[in-house]
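Protein chains in written order, with my numbering: chain A, -3 to 452; chain B, 508 to 898; chain C, 240 to 408; chain D, 41 to 1031.
These are calculated hints, taken from the structure and not from any lab test.
Accuracy of the hints is not assured; some may be wrong.
Stated by the list, open to error - Under the rule of at most 20 Å between Cα atoms (straight-line distance), these lysine to aspartate or glutamate pairs were calculated in the EDC-like manner:
| no. | chain 1 | residue 1 | chain 2 | residue 2 |
| --- | --- | --- | --- | --- |
| 1 | A | Lys192 | C | Glu370 |
| 2 | A | Lys187 | C | Asp375 |
| 3 | D | Lys218 | D | Glu579 |
| 4 | D | Lys469 | D | Asp459 |
| 5 | A | Lys192 | C | Asp369 |
| 6 | D | Lys776 | B | Glu848 |
| 7 | A | Lys207 | C | Asp270 |
| 8 | B | Lys629 | A | Glu310 |
| 9 | D | Lys666 | D | Asp459 |
| 10 | D | Lys335 | D | Glu845 |
| 11 | C | Lys394 | C | Asp281 |
| 12 | A | Lys18 | C | Asp270 |
| 13 | A | Lys207 | C | Asp382 |
| 14 | A | Lys207 | C | Asp281 |
| 15 | D | Lys782 | D | Glu766 |
| 16 | A | Lys207 | C | Glu370 |
| 17 | C | Lys282 | B | Asp744 |
| 18 | D | Lys776 | B | Glu745 |
| 19 | A | Lys440 | C | Glu252 |
| 20 | A | Lys99 | B | Glu576 |
| 21 | C | Lys407 | C | Glu385 |
| 22 | A | Lys356 | A | Glu4 |
| 23 | A | Lys294 | B | Glu576 |
| 24 | A | Lys400 | D | Glu311 |
| 25 | A | Lys187 | C | Asp369 |
| 26 | D | Lys314 | D | Glu731 |
| 27 | A | Lys207 | C | Asp267 |
| 28 | B | Lys628 | A | Glu320 |
| 29 | C | Lys364 | A | Asp188 |
| 30 | A | Lys440 | C | Asp281 |
| 31 | A | Lys355 | B | Glu848 |
| 32 | D | Lys1000 | D | Glu311 |
| 33 | C | Lys282 | B | Glu745 |
| 34 | B | Lys628 | D | Glu744 |
| 35 | D | Lys232 | D | Glu579 |
No experiment lies behind these values; they were computed from the predicted model shown.
Here are the chains, one letter per residue:
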Amino acid sequence: MYVSPIREPLIKGNKDYSQVTKDILAPMAGTPSKYWYMGMTIAGAAALFGAWASFMTVFYGIGTWGTNKTIGWAWDITNFVWWVGIGHAGTFISAILLLFRQKWRTSINRSAEAMTLIAIACAGFFPLIHMGRLLLGFFIFPYPNTRALWVNFNSPLLWDVFAISTYFAVSLVFWYVGLIPDIGTVRDKAKDKIRKAIYGFLSFGWTGSAKHWSRHETISLILAGLAAPLVLSVHTIVSFDFATSVIPGWHTTIFPPYFVSGAIFSGFAMVLTLLIVTRKALHLEDYITVNHVESMNKIIILTGSIVGIAYLTEFFMAWYSGVEYETYAFFNRAFGPYAWAYWIMMTCNVITPQLFWFKKIRTNLVATFIISIFVNIGMWFERFVIVVTSLHRDYLPSSWTMYKPTIVEVGLYVGTLGLFFTLFLLFIRVFPVIAIAEIKSVLKSSGEHQKHADHE
Amino acid sequence: MENQSFTLPKKLINVAIGMVIIGLISLAYGYFGGLGGERIAANLLMNNVYFLGIALIGLFFVAVHAIAESGWQVSVQRIGEAMSAFIPVAGVLMALLFILGGMHALYEWTHADHMDAILLKKAAYLNIPFFSIRFAVYFAGWIVLAHLIRKTSAKLDLNGEIFYFNRLRMLSALFIVFYAVTSVTSSWDWLMSIDAHWFSTLYGWYIFSGMLVSGVAVLIIILFILKRMGLMTHVNDEHVHDLGKYLFGFSIFWAYLWFSQYMLIWYANIPEETVYFYTRINQFGTIFYLNLVLNLVVPLLLLMTRNSKRMFLVLLPVAIVVFIGHWIDLYQIVMPGAVGEEAGIGLLEIGLTIGYAGLFLLVVFRSLSKHPLVPKNHPLYKESLEYHTNY
Amino acid sequence: MNKYITAYYNDEEDLLKGIKQLKSKGIDVADVMTPFPVHGLDKALGFRRSRLTRVAFIGGAIGGLTGFLFQAWVFTKAYPLNFGGKPFFAVPSFIPVTFEMTVLFAAFSMVIAFFIRSNIGPGAKTIIHDERSTDDRFLLVVDIQEDEEVKQVEKALAEAGALGIQFKA
Amino acid sequence: MEKKYYKSLEELSLVIDQESGQEILGDKKSILALQTEAKSGNGPTRRDFLKIFGFTVASAAVASSCEQPVRKAIPYLIQPEEMVPGKASYYASTFYDGVDYCSILVKVRDGRPIKIEGNTLSTVSRGGTSARTQASVLNLYDNSRHTKPAIKGEETSWEQMDQQLVPLLEAINQKGGKIVILSSSIISPSTKAAISLFASHYTNTEHVQYDVISASGMLQANETAFGKAFIPAYHFERAKLIVSFDADFLGSWLSPVEFTKQYTANRKLHEGKKTMSRHLQYEGGMSLTGSNADKRLMLKPSEQKATIATLYNELVQLTTGTQNTTNASLDMAPLAAELLEAKGESLVVCGSNDTETQLLVVAINALLGNYGNTIDTGVHLKVRQGIDSNMASLVDEMNAGAVDGIILYDVNPVYDYPDREKFISGLQKVGLKIAMPVLNEETSVYADYICPDHHYLEAWNDAEVKTGHYSLAQPAIRPIFSTRAAQESLLAWCGSKMDFRKFIQEYWEKNLFPKAGFAGTFTAFWNEKLHDGVYNSGEKELEVVAYKAPELGAIVQNIKGNEAEAVDLDLYFNISVGTGKYANNPWLQELPDPITKACWDNYACVSQKLADQYGLADESLITINKLGPFPVLIQPGQEANTVSIALGYGREKAGLASEGVGVNAYPLVTLSNGNRSFELSGVTIEKVSGEYKIARTQTHHSMEGREIIRETNLGAYLEDPKSGNEVREEILAHMKTLYPKKDYDGLHWGMAIDLNSCTGCNACIVACSAENNVPVVGKEQVLKAREMHWIRIDRYYTGDPENPELVRQPIMCQHCDNAPCENVCPVAATTHSNEGINQMAYNRCIGTRYCNNNCPYKVRRFNFFDYTNSDAFTGNLHDTANMETDLRKLVLNPDVVTRAKGVIEKCSFCIQRIQEKKLDAKMENRMLADGEVQPACAQSCPADAIIFGNLNDSNSKVSKMFADERNYHVLEELHVMPSVGYLTKVKNTNA
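Using the sequences and the hints, build the whole thing.
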């Protein structure tokens, strides 16, 4: 296929197919490095902290948190939305960028999808743990029972149950279907019998038959077509948790697209945070190039700006509405007792990404890494601002309160971060972090060697 | 390539002029037939906003693909550029409408004598001087950027210099940023402020998404006309397929925003918001549901399969339905607030729309005829030609 | 049965050319194993478009209808409850679950159909002709009906630039 | 008022006794005995104990959604005739705790009193109750109660006690020694008779009455003016203009429940009434009464006397033309003129305990012709009889060794007497020290003989709270512990073995029955009065001589000029713990103060000015005259140089719930002119380092300009009844809904609340907690804003921050027909009933708190911890207030399930009461009558501010109130369609 000469190569170095296989499978071979063990230790410790916090919550009750009669949700749902948001990047990259034919996605989609799945698992933990009666959490499923009682299909939390589980299931399938050919490669490259047997099992008997590839491509596309609206629906439904309510600062119609855009924004930031480290640690600089980073940074500017416009729209509309509760809610965000959170959010989400307008900055890995961290922080605070500052001062001033987190809530958050990194570290040992087959399919058109060959 | 440029066929000009005349007659009928200033103003505003929105989408289409560096759209880039030529025309017509009493007829908030508490609160934004300034800024920005983008694109076509390519991207980025803000605020100014008490944060994006669908539909229609004229032969099924996917995808996106806005207001059922849908469902019920059928059900069902997106046989009727559908959408946006229960679709509405469509065609085709239809020196043109898709 | 010849190419373009040559000689290629989906191979081998999309459509339709009708049944027939004055037949409230069910059923029905149709699945046993066919070799399989064909095919393959021609019985 | 057959348990058992001639097991035994028996036996547990009392396990089964083995409750061996298991009985009785009086009905379920209701037959309390009355049932189950008689710390039996005591008493009597009975004011004629009997036996017996909330000054002033120390009956309902100088007559002054009834009767503006009283309050700290005033003026306590004198002078000048010098900083001339305009229809009251000040007030009322109109000297209010100097001389006598024996009855001077050390040293010099306490307290520690009295719900008693207004008290439960009525002890010690019930009967037969003109036998008379609980004889005080104008010149002249910069201390009694007697009552401790919204503490209320001067902020610490430290609370409306501190805190021996709660401020009370003074001028304030958290249930005090409480003034109201509520019309005009209309074809419950009536007395909160088993969470949880009250009274300040006006509004679940909370519950745990009630299915709740977030009124409460010991896990009980002991749990209402950890709860409109009455009506095959169903809050309200009923019935009271122009709904612009309406607050101001 013809590719315009003005495009930068997506894969650097003069690679051939076997080199690609070798490079990408390298991190899975041998014993893990001491950095890997260090990472696992820290992440595992954090996860244990989370386990302790979970015990405290379930055994003693939600009272171990800082929530109160007015602020029913705080860190729990903040973390939930934050993780769900992060869990949007993978599917966005694989589905929507595939539909829009952005070839640069091939280097990052595998790890982004894995990250998505782990993030969704972390996200799903919070709606569970936030229940006052976790042990009766199964009430939320519409199963036949002697009381002949079903569930409330009006409730956005119920929609969440469907949306998150569907999203997780479909993403898992999408990811695994994409992984099957690569597991085949791993199987065929495996030296010892056990690995061969395990990966043989996991590869579903993949051979690379042309008929299979043909179907594989078809279902990949259809799955992408299904996943694209799905990815929108998930954060839309998460946004409904807030937007369907009557609480000023929650009830606003812009939430669905704005949440989706924010989710992609935060997801890309997390992908960048992870990949900038991963490419270095796993020596994949040739595959995940500065070009990839730049492309992602462009998406960050785009989504960040949409989020910024949404902030301003909300703010303007709060004033324009003439509704005193709305007006106050936004005034309180910016100048009330939680103004610091608001301005952290504004700085991190609206101002810092604008630095990416400068090519120097968006092609600088260190700068990108720092800004990606900023965005992660900013997006966490965005949810905190929405959840807590809207609730703490709503309609009746008599019930206005303040919120302060407790060590248990910190523990739950740190715990999911621990879980996240534990699983990600396991993932990079167990599965190829880059989609080998997809890289090979664009190697000719977008590899450095070939491109030079074409034009010399 | 043979289709470097073309001269406007007389037949097309005549048809277009005929359409404009129909429009003028309807307007006269409306005026002398005693349909009322409000209804006439509302019709003029509606059509003006509609075709202006479509023109802006033409430019947006070009700009977005420029910064995304996507290859395939280069083949139809000229159509988008030509659509943007309507912007200044719309600006002039709209300015005339507002100057000649349209504001008073349309906007409650201009009635300085009976303002209630909420309108007084909003007066810092909704006042005639500030409104006029914003009007001027919007059109100035759009016209200048549209002109520069068209000019740069034309220069790039001369020899494919990478300098112009980069410049085009820079201008496109500038336009997108400007348009991102102004498309939202202009929709508040011109449309949302008709129901001056009502508000919705999603509104701007909802209007934009509607325009996006109509813009793609019009692009498809124009492409079809050009193809019927034997032009645009470099555009193959793959390109049509992509436009079809746009029409399909954006229709769903529009429906998504429609649903988001409706559902949230329905769910919370707060009177200050529900009043909007209350009037539309109770007084404009047929239109309200027709809107969904034309703009969601039709494209969703008819464009679901791969083949339908590749065949003009299906795609063109759907594009026309969607084009009418969004006109209906705009009708139910404007009329309940501006005209009320006396609103209806009659000779004035149909005739005037035909008139605007004729004018639009005239302007767009004139612009098309000025530049080569095939941007063959565009750096991505070759990529566009080799464009192939599997799905 | 199950006699066949395998051969491989190192480059997908050679493979496509090779297949074309073999076809012109009337030799049917039974299967091709490639490390990635080779563009144009479908056409070269004369595959029809997959009908898995229809499975997805039917699955989605079933899922969506099930979801919607179930909710409507629960709210209007099985156990109507007054939630905040909302109508029992609360269509906007049913949309999210309906949508998710549509996607879930479409995706799963299609993927399951893919596995069944392709005879692959967890732990499926398939023959691996060449371990490098998932790495950098483009493997070609030609079925042999009668033994005398072997030589002829081998020759054709060699002419078509194929490497590592092996006869397996 | 429907009549029930009230009959005491004791009577019942007596009957059975007579019939069978033998003791019946299980009937004669006390609860305690059964409890200990059950505990000491092999295996049986608390559960068995509950079984014996027919505690239906249904509630337990309902509480747990999982399947549980069916446990059979053991039925009564012999079912008492009137007792239907699961059905409550009501016994008329009398609440009097030495401070407040209330005629009540005691709700008894399965042998346990569980709730106090007001008795509407009473002409004094008229069905109203106070927070303390409501909470008094919990004291019955107080863990710190004395369980057995004890001699010098050794538990003993009553026989032993009497055997030991009688010789000792007789010995004193022989040698002519002095025995003192020290009690609070006694309003029971029979008790007085018993004391007389005792005194006639032990001839040198003195009865000293000691009131912690003293009205000594008033009694003496009346003695000067009328020749008798008495307190007249007040009629606030007849007054057009009420002027109160620091008299907190809605909170702690004399008879607050009665006064609340009277006061609010003339504050209502619905049902065609177009006039209301005007109320001015002069005070230093903000009191409950002051917060209800139409106009509240800040007045330093030390300036009060001068101000009243000035008013007197002005009045004299206006009526007689005589001019006197005045020295008050406030101009009293306009008030004098206003008062004169309302001559004979005004009422001036004063909370001071200074005789001279009270004399001035008497003179003022006399000048205004209020005697005979708003003040009735023919009827005496008997709740305060103690003369402070008597107590002071008793203490002196004790210290001088002149007292040989003392019987302490319902007093706790070691805690609440200002000179505690002196009292203790005196007490130690008394040879025979007998205490008759109910609850554990500081004074009985010094007594050698503890003869525990019954809790009032276990005892017979009578009362004459006002002349001719009698009431009876009857036991609603057998004594839980081995206690004996104080009167029976006294009788026993003078040789009478008569039980007190008989004694009362005899007293009534001898003294009341003959005058009653009752057509029938005494037994019929007695049964009727016992059933009603009250009896009005129509007697009047005859011996009161006419008013004789006292000589006031000297008083007026001797008033000292005030020192403007001196800091005054104002000690007050709040509506929760009162004198401190209720310190161990967790319901009252958690009750937020109606002004400060603080609970679980006392604190020093200071003005912003004083705070600035001493560098204080909220929650800094100060000492007052070296006593303390007290946490500081900056109170709007506090007079600049006045510090207010509540008494009744800092109890040492009251029990777990009172431990470490507040500081005892009684030592700051001083004796001045023979009376105890609760105001003190020129105190020293010192800032102490550190900080102390005050738990407040409301921390934001401004309405932020929102239309939450709609207000107007009388003038505007009369012009336009919609005044203050104009916005409603506009809101209603814009009510557009996208939903089809839901029909409520049968009942549609609604509640109307008159903001003009609500005084903020908090009775409803305690009533609700008692009725609905609302858990007490403790100070630390209140600090985290997790209090559980289903009803709260919001209060906001408006206007001038220096002296703001205060508005308040009871808020409970509004039972919205378009409830935002119902929509969002994923498991359908909260839905709308076809009677318009927002229902909560606790079993179904999984605790997402989504409903709570989405409630615009924030009335939903979440069980953050296992407050009720009903969680699936053991070992995680969170019970800082000691509410979950076996004894305390007896107060639980079995009709309302306790909620587990992690569950949302909220006001149910007392659905159990609705259901009960519906079933009653169904059984009797009739329609429900309007007003038949009363939620606990409405029932308890002394101001009749809460009206409940069927909105579908256009003739119901609630419908009429909903139709009133003043009616509005909070946040009605949200179209959530609340079923609770509010009538705008109308203030009688000139503005």
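Quick rundown of the hints versus the structure:
1. Of the supplied pair hints, the one linking lysine 192 of chain A and glutamate 370 of chain C holds, its CA atoms being roughly 12 Å apart against a limit of 20 Å.
2. A C-alpha spacing of about 17 Å is found between lysine 187 of chain A and aspartate 375 of chain C, which places the hinted pair at or below 20 Å, so the restraint holds.
3. Pair hint lysine 218 of chain D plus glutamate 579 of chain D does not hold up; C-alpha atoms about 35 Å apart against a cutoff of 20 Å.
4. Taking the CA atoms of lysine 469 of chain D and aspartate 459 of chain D, the gap is about 16 Å. The hint holds against a cut of 20 Å.
5. Between lysine 192 of chain A and aspartate 369 of chain C the CA atoms are separated by roughly 15 Å; this keeps the pair inside 20 Å, and the hint holds.
6. Annotation: proposed proximity of lysine 776 of chain D to glutamate 848 of chain B holds, straight-line Cα distance about 17 Å (limit 20 Å).
7. With a CA separation close to 8 Å, the supplied pair lysine 207 of chain A and aspartate 270 of chain C stays within the 20 Å bound.
8. Between lysine 629 of chain B and glutamate 310 of chain A the CA atoms are separated by roughly 15 Å; this keeps the pair inside 20 Å, and the hint holds.
9. Between lysine 666 of chain D and aspartate 459 of chain D, the direct Cα distance comes to roughly 15 Å. Compliance with the 20 Å bound is thereby established for this hinted pair.
10. Distance hint between lysine 335 of chain D and glutamate 845 of chain D is fulfilled; the C-alpha atoms sit about 8 Å from each other, no more than 20 Å.
11. Our distance criterion of 20 Å between C-alpha atoms is broken by lysine 394 of chain C and aspartate 281 of chain C, whose separation comes to about 25 Å.
12. Taking the CA atoms of lysine 18 of chain A and aspartate 270 of chain C, the gap is about 26 Å. The hint is violated against a cut of 20 Å.
13. Proposed proximity of lysine 207 of chain A and aspartate 382 of chain C is supported: the alpha carbons are some 16 Å apart, at most 20 Å.
14. A hinted pair counts as satisfied when its Cα atoms are at most 20 Å apart, and lysine 207 of chain A with aspartate 281 of chain C qualifies at roughly 8 Å.
15. Between lysine 782 of chain D and glutamate 766 of chain D, the direct Cα distance comes to roughly 28 Å. Violation of the 20 Å bound is thereby established for this hinted pair.
16. About 18 Å separates the Cα atoms of lysine 207 of chain A and glutamate 370 of chain C, which keeps this hinted pair within 20 Å; it holds.
17. With a C-alpha separation of about 17 Å, the suggested pair lysine 282 of chain C and aspartate 744 of chain B falls inside the 20 Å cut-off, and the hint holds.
18. Simply put, lysine 776 of chain D and glutamate 745 of chain B have alpha-carbon atoms about 49 Å apart, too far for the 20 Å limit, and the pair is violated.
19. With a C-alpha separation of about 10 Å, the suggested pair lysine 440 of chain A and glutamate 252 of chain C falls inside the 20 Å cut-off, and the hint holds.
20. A threshold of 20 Å between alpha carbons decides the hint, and for lysine 99 of chain A with glutamate 576 of chain B the separation of about 12 Å falls inside it, so the pair holds.
21. Restraint check for lysine 407 of chain C and glutamate 385 of chain C: satisfied, since their Cα atoms lie roughly 13 Å apart, inside the 20 Å limit.
22. Restraint check for lysine 356 of chain A and glutamate 4 of chain A: satisfied, since their Cα atoms lie roughly 16 Å apart, inside the 20 Å limit.
23. Only pairs whose Cα atoms come within 20 Å are accepted, and lysine 294 of chain A paired with glutamate 576 of chain B is accepted, the gap being roughly 12 Å.
24. Annotation: proposed proximity of lysine 400 of chain A to glutamate 311 of chain D is violated, straight-line Cα distance about 49 Å (limit 20 Å).
25. A hinted pair counts as satisfied when its Cα atoms are at most 20 Å apart, and lysine 187 of chain A with aspartate 369 of chain C qualifies at roughly 15 Å.
26. For a cut-off of 20 Å, the pair hint linking lysine 314 of chain D to glutamate 731 of chain D is broken: about 50 Å separates their Cα positions.
27. Proximity of lysine 207 of chain A to aspartate 267 of chain C is assessed by CA-CA distance (about 14 Å); at most 20 Å being required, the pair is judged to hold.
28. Note on lysine 628 of chain B and glutamate 320 of chain A: the hinted pairing holds, with a Cα-Cα distance of about 11 Å set against a maximum of 20 Å.
29. Restraint check for lysine 364 of chain C and aspartate 188 of chain A: the C-alpha separation of about 18 Å stays at or below 20 Å, so the hint holds.
30. The straight-line distance between the Cα atoms of lysine 440 of chain A and aspartate 281 of chain C is roughly 19 Å, inside the 20 Å bound, and the hint therefore holds.
31. At roughly 55 Å between alpha-carbon atoms, lysine 355 of chain A and glutamate 848 of chain B are farther apart than 20 Å, so this suggested pair is violated.
32. Our distance criterion of 20 Å between C-alpha atoms is met by lysine 1000 of chain D and glutamate 311 of chain D, whose separation comes to about 8 Å.
33. In summary, the hint linking lysine 282 of chain C to glutamate 745 of chain B is supported, as the alpha carbons are separated by about 17 Å, within the 20 Å threshold.
34. A threshold of 20 Å between alpha carbons decides the hint, and for lysine 628 of chain B with glutamate 744 of chain D the separation of about 17 Å falls inside it, so the pair holds.
35. For the given pair, lysine 232 of chain D sits about 18 Å from glutamate 579 of chain D by alpha-carbon distance, which is consistent with the 20 Å threshold.
Hint compliance for this structure: hints 3, 11, 12, 15, 18, 24, 26, 31 are broken, all remaining hints hold.
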